[in-house]
Structures are given as C-alpha cells and as structure tokens.
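Enquirer: The listed protein sequences correspond, in order, to chains D and G. Heads up: the first sequence at position 50 corresponds to 50 in the working numbering, and the numbers run straight through without jumps. Heads up: the second sequence at position 287 corresponds to 287 in the working numbering, and the numbers run straight through without jumps.
Check the hints yourself; a few may be wrong.
[To be verified] Result set (BS3-like, lysine-lysine): computed pairs, CA atoms no more than 27 angstroms apart in a straight line:
1. 23(G) / 86(G)
2. 47(D) / 23(G)
3. 47(D) / 292(G)
4. 8(D) / 275(G)
[Said to hold, decoys possible] Incomplete in silico selection of chain G near chain D, CB under 8 angstroms:
5. 139
6. 151
7. 187
8. 188
9. 192
10. 216
11. 230
12. 232
13. 289
I should point out that these hints are in silico values taken from the structure, not numbers from a laboratory. Ideal Cβ placement from N, Cα and C applies to all residues, glycine included.
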Amino acid sequence: MFAMQIDKTIDARGMACPGPLMNLIGAIRQGQVGQVFEVLSSDEGSKTDIPAWVAKAKHELVEVVQDHGYTHFVVRKAR
Amino acid sequence: MAAQVLVLGGGVGGTMCANVIAKRSGGRAHVTVVDATGIHVFQPGFLYVAVGQERPSALQRSEASLLRHDVRLVVDRARKVDPAAKRVILASGRTLPYDELVIATGSRTVMDEVPGARSAHDFYTMAGAVQLFKALEAFDGGMIVIGVAGIPYKCPPAPVEFAFLLDDYLRARGIRNKTEVKLLSPLNRAFTIEATSKLVQPILAERGIELTSFFNVESVDPMAKTVTSLEGETVSYDLLVLVPPHRGQKVIEDSGLGDERGWITVDKNTLKHEKFPDIWAIGDATSIPISKSGSVAHYEASVVADEIVAAIRGEAAPTHVYDGKVMCFLETGQGQATTIRFDYTHPPVSPRPARIWHWGKAVFNKTYWHTVPQGRLP
Numbered sequence: 001m002f003a004m005q006i007d008k009t010i011d012a013r014g015m016a017c018p019g020p021l022m023n024l025i026g027a028i029r030q031g032q033v034g035q036v037f038e039v040l041s042s043d044e045g046s047k048t049d050i051p052a053w054v055a056k057a058k059h060e061l062v063e064v065v066q067d068h069g070y071t072h073f074v075v076r077k078a079r
Numbered sequence: 001m002a003a004q005v006l007v008l009g010g011g012v013g014g015t016m017c018a019n020v021i022a023k024r025s026g027g028r029a030h031v032t033v034v035d036a037t038g039i040h041v042f043q044p045g046f047l048y049v050a051v052g053q054e055r056p057s058a059l060q061r062s063e064a065s066l067l068r069h070d071v072r073l074v075v076d077r078a079r080k081v082d083p084a085a086k087r088v089i090l091a092s093g094r095t096l097p098y099d100e101l102v103i104a105t106g107s108r109t110v111m112d113e114v115p116g117a118r119s120a121h122d123f124y125t126m127a128g129a130v131q132l133f134k135a136l137e138a139f140d141g142g143m144i145v146i147g148v149a150g151i152p153y154k155c156p157p158a159p160v161e162f163a164f165l166l167d168d169y170l171r172a173r174g175i176r177n178k179t180e181v182k183l184l185s186p187l188n189r190a191f192t193i194e195a196t197s198k199l200v201q202p203i204l205a206e207r208g209i210e211l212t213s214f215f216n217v218e219s220v221d222p223m224a225k226t227v228t229s230l231e232g233e234t235v236s237y238d239l240l241v242l243v244p245p246h247r248g249q250k251v252i253e254d255s256g257l258g259d260e261r262g263w264i265t266v267d268k269n270t271l272k273h274e275k276f277p278d279i280w281a282i283g284d285a286t287s288i289p290i291s292k293s294g295s296v297a298h299y300e301a302s303v304v305a306d307e308i309v310a311a312i313r314g315e316a317a318p319t320h321v322y323d324g325k326v327m328c329f330l331e332t333g334q335g336q337a338t339t340i341r342f343d344y345t346h347p348p349v350s351p352r353p354a355r356i357w358h359w360g361k362a363v364f365n366k367t368y369w370h371t372v373p374q375g376r377l378p
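Take these sequences, add in the hints, and give me the full structure.
Expert: Listed below in structure tokens is the structure:
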C-alpha cells in the first residue's frame, strides 16, 4: 500500500465516466493545498481523464496503480 | 384500511408516481401530494424561453389539473421528515402521517456558492430564462461565454443545446458575425457522454462555437467581466451564461436523509432509502450516479409506483427494477437534433442529427401535459 497519508479516499468503483473525475474535482475544490486524495475507479475512461485533468489543473499525480478490476489514483492538491 | 401514501413534490416524478399508485392500487391507497406552489412547471422548456422560442405561460399548469380526482393535493412546503414517527411536518405546522413516502423534491440552484456568479445569467429557473432573453435582445455583439459552475446539474446536454440555439438566434438577428461564442466545459469534451460529444464537437466547430475543455468555474469578477476556473484559466466576456451549482432541498438536509449536498441516498435499482424501507426517492433528488433529468424521473416513477402498490397489496416486490434507463433529446440547432439512450449496462448511443429528432422533441414537449403526468407513456 501507499506509504503516504491519504486525507480522503473516493471510492468511485462502479461509477461510469465522468463520475470518478467529477468526484475528484469536487474533493479538490473543497480541500486544502497539500492534501492527498485517493480515487478508486473501475471506469476505463478514468485512466486518461484523471491524469489529463490533474496535469491541466497543475496538481500532482503521485501514483497510479492497477489493481484487480480497478485503478488507484493518488493526487496531491498542489495549489 | 387504506394505506397512506405521501408524495413530496409535484414535478414530473412526483405527479406521475402519485397518479399511477392511485390508479393501480384499486382503492387500497390514499394518495396525497405535497407541493410548495401547486404549479407544475415543465422545466425542459426554460431553454426555449431563453432564446425567445417559447412563452413562459406555456410551461405552467395547475398541479391539481394534472392529478387524478382521487389524489389529494396539499399546497405547502415540507419542512422535516420524521422517519421514526413516519410523518412529515409542513411549513404551516401541519403534520401528515404516512405508511409509504415518496420524495420527489428535485434540486435547487445555488449560484451564490460561486463568488461573483450571481451576476451571471442562467436558464435554470423561469425568472433566469426570461432575464436571459431580455439580455440577448439588448445584446448587439461581443463575447458570449457559456460555462458550468458545478456538477451534477440538471439536463447534462443543456449547455451544448443552448450554444446551438444561441447560434441560431444570433444568425437570425444578423449579429452572429459580430459575436464570438465560447463554451467552457468542465470535462475534456463537450459534455459528460463521450460518444455524443464526438458527434456534436464537429458541429460546434462548424458553427464557430469555440470549445474550452477542463474549465470548472471557480469565480466570476463582474467588474472586470472575467470568469476564472479551478484549473487556473481566466476568460473575458460581455455576456456570461452559467449553469448554476445544484444541491438537494433543505428539507432533505434538515431531516438527515441525504449526503453532504442533500442528495437522498437510495439503492440505484430499487430507489428505496438505504436506511428507511418505507421511504423512496426519485428524480433529481437522489444521489444515484445518473443524469438529473425528467426522463429519469419518469422511468423511476413507474418502478417506485409498482413497488409501493405491491407493498400495499402485501405482494412480493416486483422483479423489474430501475435499470438506469435514460432517453433524452439534444438540439443541435438549424432545426436538427439527436437523441441519447443508455442504461447502467448499455453505453450511450446517439444517431446522426436529423430533423425528425427535433420534431420528436417538439411533439413530446407539446403533448407532455396529456401523457407523462398521467403515466400514459411507459
């Protein structure tokens, strides 16, 4: 598992695109700079959408890990 | 003794659900609808009011005229649901008991959640749509920006449809060549559904509507006439149209029946509350991951009506559940439209835009009053 502390986990498994990304955006909107968010998504579209949004919004994509049937994304709010 | 069925909200879902329960229960239910205004509003028409294609009066009828004679209407606002005592307290202080409760209170728009956004126009309320059309009539060229200030919002295709209908309006007035139209999308495509976005994006380009992706509106500066995104971009405008942030009704928050945004937490198939087996929720009011639209409320109302009638009759719960079915139209301008159909297991499909879908939407909208509220459309 991840060594860093996760401030909030968004379990979006089973949600269709763009639910997982929108939940992450909502969490980051409410969160503080430096907080770390974990998103679990089983949606294929998340694999491109989440990294693309994190890059555009200039946050930090800390980790992407493939698990059984879903993907873990770890994102730090950078600004 | 007949069961007391209480329905909160006289919109698409609440009205249809009440009528169908009264009809199918064979006199074993006393059905009551509580609605804050007693006026039924056809919200999909706001889009057309905003571009001068519909009159506000054509979108409203008395709720009583749409309910069966054996459904009682109480014009009052639900203030609190007390699931332990199985009763609802109204704003007037009156209390209504229930055996089965259907919550169809919809959503509310909260533009004030975004700093400065109150200065923007919107077409998510009747008053907003009327004001927006007035502003368009006074507009004689410049930059029109359309953005989204929060997800989820009602009718996901609406901002794209508005962009297309606006383009038609500006062309008809002969000021399209003096006007830039910019659509700011919170996603990396025109709207939530990828397949339909692929279909409409080339049409946006063809009409000269500029699409900016990953623009989640964070604040508006009405003095500088700029809108800034969560992603750090700033765009200037002369006329700003925003989809407001939405949340559930206050009664849901005050009754502890929902999540932190006031969306009622129900099972996505049975639509039954996750904690209270005699409470159901339908339409925009729920937290389920599906479009907030009249179409969803319509399909859900039928499922919940069947479940409640079975419960009243002491029969086993029906085997059919809500499968995530959505069917809606998307105007693409110049007299054409497409449709979007999907459910939880089938990805969305959209045909090529054609005149027939535009007319299909127009016919549906005009005949709505005689079909959907009465449960005449499956």
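Enquirer: Which hint numbers doesn't this structure obey?
Expert: 2, 5
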